[in-house]
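Asks: Sequence:
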Amino acid sequence: MKHPEPSHKLEDVISMSEFINLLKEEEDYWTPDQTNTKLMITKLRKIFYDEWGWSSELIKGAAAIPQRYVVQIVDTPSEHTKVVRRYVKHVQISKHREVTYGPNDRVYGNSRVGTSPFIYKTDHQEVILPDGTYCDAAHILAGLDAYNYLAMVTPLPSWLGFIAKLFPHVDSNVDIVTWLGDIASSSVDFLMTYKRDKERPLSVETEQKYINRDAPGSDMLGDIEPYVIAKNYDVGSTNGKRYTDILEDYYFGTDAIRSHRFSIYAAAVGLKNFNGTSFANERDWMTYYKKQLRDNCSFQAFSLTDETSLKSIWLPLMIWLNGHQDVLKLELLLEIYLKTLKEEINKEPKK
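Just so you know, we're using our numbering here: the sequence shown kicks off at 1 and counts up by one.
Read the hints as simulated data drawn from the structure, not as lab findings.
Do not take every clue at face value.
[Claimed, not checked] Keeping only pairs whose Cα atoms sit at most 16 Å apart, straight-line, the calculated EDC-like set for lysine to aspartate or glutamate is:
| no. | residue 1 | residue 2 |
| --- | --- | --- |
| 1 | Lys121 | Glu18 |
| 2 | Lys272 | Glu282 |
| 3 | Lys82 | Asp12 |
Let's have the full structure, built from the sequences with the hints guiding it.
Replies: Structure representation (C-alpha cells):
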C-alpha cells in the first residue's frame, strides 16, 4: 500500500481528489441519474471492468445496463490499452483491453471516435489517498457493484441453482471480484508457469514476482474498501448520494471509519473476536476459504485459457478435484493474507 502496483508508473498515479473529479464528469454525462447510486456504480465500474465474464458470470444482474464507451479485447497494444491475462498452452499471449469513445457520444458526438477517455488512460485507476497510501480505485467499484447484485458464482445456469454446491462454486461474487480473485490470480500464475516449464518447481523469487504483480498492496486495499464502504453507506440506493459524494465523505471526512477499516473488513468476511494474535474462528475460516479459493482458481484457469482443446477443461477439473495443491499453495497464500490483515488491525487505534 506504500507503493503503486508494479506495472503502474509513479508519474501516472493521480490523487483521489483528481480521480473523483474525473468520476464526476462521468456522472454528469448520465444526467439525471447521478443520485441513482446503484445504477451509477455499475456505469462507472464498466469503464474499467466489463466483458470477458463480468456480465455472464460475475455480476449478471447488471449485464443489461449500458455504459458510455466501446470496450474491445484486441491483439495489438496501444499507448492506452491494458494487458489482460490469457493463455494458450500455459503461455501468456498478447491480449489487451481497449476503451474508446463511440460515434454517438452525448458530449463529443463523433469527434473522438477511436480515442481513449482520459479516465482510462495510463491506468488512472491507481490513486494515492490523502494518507499517502496507494489504492486501486476501480477495485472499489467492482466490489460495490457485486455487493449490489449479490450472487453465487457457478458455471451452472440459474435454473440449476439448487444443485450449484455440488459443482465448483464461489459463494460470494463480492469475494471473487475483489480479494479472493486477486489471490487466485497469483495461484493460477504459479500453476501456468509450472506447466509451461515442464513441471519444474517454481523458485520463491518467481512466486513472489507473481504475488507482487497479481495481488499488490494497492489492489488489496482497493479490495477491502468495498466491504467497509458498503457497511457504512447506502450504496444500493436508487435515490441517494452521488457515488463521488460517498468517496469524498469517506476519504476526506472524519477518519472514524477509515481508521478501523481492517477490523470492519475482517468482520464482513466472517472473522470473529480478534485477540491481538488470532481470530476465534480462524481454523474454520481457513478451511472454508481454502475451498472457495480452490474453486476460484478452477474458474480462472478455465476463463483465462484462450483455446478450445480438452486441456482447457481438464486443468480446471483437476484443480477442483484437489490436484496440484503443492503448486497452487492455496493455504500458504491465505495464511500470508491473514497474517498481513492481523498486522494492519494491530496498527489501528484502540476503540
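Asks: Run every hint past the structure and note whether it holds.
Replies: Hint-by-hint comparison with the structure:
1. Lys121 <-> Glu18: This hinted pair holds, its Cα atoms lying about 14 Å apart.
2. Lys272 <-> Glu282: Holds, at about 8 Å.
3. Lys82 <-> Asp12: Roughly 14 Å between the alpha carbons, so the hint for Lys82 and Asp12 holds.
Of the numbered hints stated above, none is contradicted by the structure.
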